[in-house]
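Put chain D on the given structure of chain L with help from the hints.
Chains as they are written, first to last, in the working numbering: chain L, 1 to 86; chain D, 1 to 638.
Calculated from the structure, these hints are not laboratory results.
Honestly, I wouldn't trust all of these hints.
Unchecked claim - Partner residues aside, some chain D positions facing chain L, computed with beta carbon under 7 Å:
1. 96
2. 324
3. 379
The beta-carbon is built from N, C-alpha and C at its ideal position, and this holds for glycine as well.
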Amino acid sequence: MKEVKMTNINLEEAPPGNELEVIKIDTGTSARQRLISMGVHAGDKIIKYNGSSWGPILIKNITVDSSKIAIGRGLAAKILVGYENT
Amino acid sequence: MKTPEIVLVGQPNSGKSTVFNVLSDIKTSVSNFSGTSVEVAHSYINLHGQTFHLVDLPGVYSLNPGDEAEKVTFAYLVNEDIDLVINVVDSSMLARSLELTVELMEFGVPMVIALNMWDEAERRGLKIYPGKLEKMLNIPVVSTSAFHGKGIKELMEKCGEVLCQDQQSPTRMVYTSHIEKDIHHLESHLLELAIEKNGAPRFYAIKSLENPKVVPEDVLKTTFHDLETMRQQIQEMHDRDLYETISYERHHLAMKLMEEVSHFVDRKTIPFREKLDRYFLHPYLGYFPLLGFFILFFAAIYFVGNFLGDIIAVPLGKIPGLYAGLKVQQPFLWFTIDGVYQGIEGAIGIVLPFFLPLIFLTSLFEDTGYLSRIAFLVDGFMHKIGLHGKSAAPFILGFGCTVPALYGVRIIENKRDRMLTAILLPFIPCSARTAVILALTAAFTGPFGALFIYVFVVFMIALTGKFMSLFMGKPLGLIMEIPGLKVPSLRVSFSKTWMRTKSFLKFAVPFLIVGSIFMGWLEYAAVNDVINKALSPMVETVLGLPDKLGSTLVYGFFRKELVLVMANSAFGVQNIPGLPMSWQQVLVFIVFVTLYFPCFSTFVAMWKEFGAKVVWLSALLSIVVASTAAFLVKIVLI
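So here's chain L without its partners, still in its complex pose (with noise of 0.2 Å):
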C-alpha cells in the first residue's frame, strides 16, 4: 500500500481546490465557537475555494452539509489544516 502522507498547513497558506481536513482551530475562544455553531469542526473534511492574495478565505465543508463560509484571513490564519501529499 502506498504510504500517504499528510502535511499540514494553516488555513490561508494551505492550496486552492485540495480537500482539507480541519486539524485544529487554534483562534479566540469566541470565535472557535462561532465556527463550531456554524458547523465547522476539527476532522471535517473542507475546500478552499480561492486563491487570492486578499480578501477573506472562502471554504465549503463537505462534511457538513457542503454549507460555505467566509473567514477573514487573520483567523484563517489560525486554523491549521492538512492534505494529502500524493
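Here is chain D on its own, set in the frame of chain L:
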C-alpha cells in the same frame, strides 16, 4: 384564557421569515403587535377559530448566543411564556440544523419541526424521510416549502395537535456515558430547585458543563460544588475545552440522525446557482456583477424615487394654498400650520418616495443571499478602515437614505462594529445631500467639483473610520456564512416593505412635525439674524463663508435639501447661480453641509437603535469632522 404563544426558532437563512410571513397572512383583525423595543416580529393568527400569538425570533446557529440577535432569541426562549416552538429547519443544511434541534429538545418545550426548503434539498440531491425523523425524535415533523406555501396547513394542524396534548416526550439524546453520568448527577441536584426560567433541568445541567455563562446564577450555585471537578475531569479526558467537547458530541448525534433519515442521490449536473456563484464569489471577476448590481440598485431607486416624488408632489403642493390666507391675518397660526404641513410633506413627499423602493429592493436582495456576497467581496477594503465586509450593506443603503441604513446595521454581530458603522453612516451623502451637491456644483464648478466632493468625502470617511478604530480596538475577524442563492419571494418582500414603512412612519412623522413647527416659530420670531451672528465665528472666521449662511445650516439640520432653498432666501436671490459666492467658497460650503450634523430623522433613528450616547457622540464627531474637512478645503483653495 391566555392566547397560546408559538415561536419560530431556526438557523439563519432557514426560511423562517418566509414561514412567518405566510402564516401571518392568516391574520385576525388584531394586526401586528408593536410598541415594544424587542426586535422580534409578532403577529396574531387565527386558526379554526382559535387565536395564536406568533413570534418570529432572530436566527440562531445554536443556543450558545454569539451575537446580539442570538442573545435576543436566547433571552426570549428562557424568559417568555412560550407554549410551542416551531423549529424551522433548512432541509438542505440538515446535519447542522439538527444540532440546534437536539439543543431545543434538551431545552424541553413542546415543539414541531418544519423541514423547510424541501425543494432546495432535493435540488442538492438529498432525499429525506420525515417519517423516520419523526419516529426517531418522537416529535411531529412536517415537510414544508414556505416559499411555495406548501405544507403550511399541515404544519399548523400539527401545532394545534401538540398544543392540545398534555405533554410531549421527545426521545432523549444520549451523550457518551461518562458525560451522561455527570449530566445525570447535576440534573438530580436541579430537580428540587424551582428554576424561575424556562428550560428543563437536563438542559441546565448540560449548559452548566458546556457554557456556564448562559446559566442563571441560582442554578449555577446549586451545581457549582461538583461542577468544577467534573469540568476538569472531562477537559483532561478529551483534551479540549468543554464547549467543544459537548458541541462535538451534539454534532455526532446530529450526524448520526442525518445518516439514518436521509441519503444522497447522485446529481448529474452542477446546479445553475452553483455556477453563478463561481462568478459572484470570484476574487476578480466578482467585481463586475457587483458593479452592475450597484448601478441597477441606485438607478432603480433614483428613478422610482423621483417618479413617486413627482406624483405625490402634485396633491401635496396644493395644500399650502388652503391656509395661505392666514399668513397675513394670523402669521403665528400660519407658521404653526405650515410647520405641521412641512413635517408631513417631508416624510411623505421626500423621504417616503425613496424609502419605499429602497426598502423593497433591500428586502428582495436580502432574500437572494447576494448581500453576503457583496460583504465577501468588499471585506478587504473595509478592513482598511477598521470594519469588515458586513458593514457594506448598510453603507450602500446610506447613499439612498441614512435612516433605513441605520436599521440595516442590525445584521452586524459585534457591538463594536455596529457602533462604528452607525457612527460612520451619517457621513455618507444620502439622496437629499446628493441633491445639494449636484445642484451647487452644477451651478459653480461643473461635474469635476462633484467628483472631487465624492472622492474627498469617501476619503474623510475612511480617515474617520481609521481614527475611531484606534479607540475601539480591532474588529473581530470575519466569520460569515454564504447562504445558497435563492429566488426571492415578491409576496414576502411586499409584506416586509409594508411593515418597515409603517414602523418608520409611526416613529418619524411625529418628530418631523414637531421639528418643523419649531422651525416655523423660529422664522416667525425672525431670529435668523441672531443665529447668523451666533454662528459667525464658525461660518465666517473658520470657513470663510458669508455669515448669512449660518441660519441655513440650522434649517439643514431638519432637512438637508432645505439648505438650498434657505440659502436663496437668505441672500434674496431667485436661483442658485445668483448666490454671491466664489466656486471655492461653494466647495467649502458643500463639504461642510455634507458632513456636518446628519438630518433630524437620522438622529431620531439613531437614538431609537443605539441610544442617546451614540447620538451625542455622532453629533460631536460630525461637527469636528465637517469643520476639519471644510477648513482643509478652505486652506488649500482660498
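For this structure, which hints from the list above don't hold up? 2
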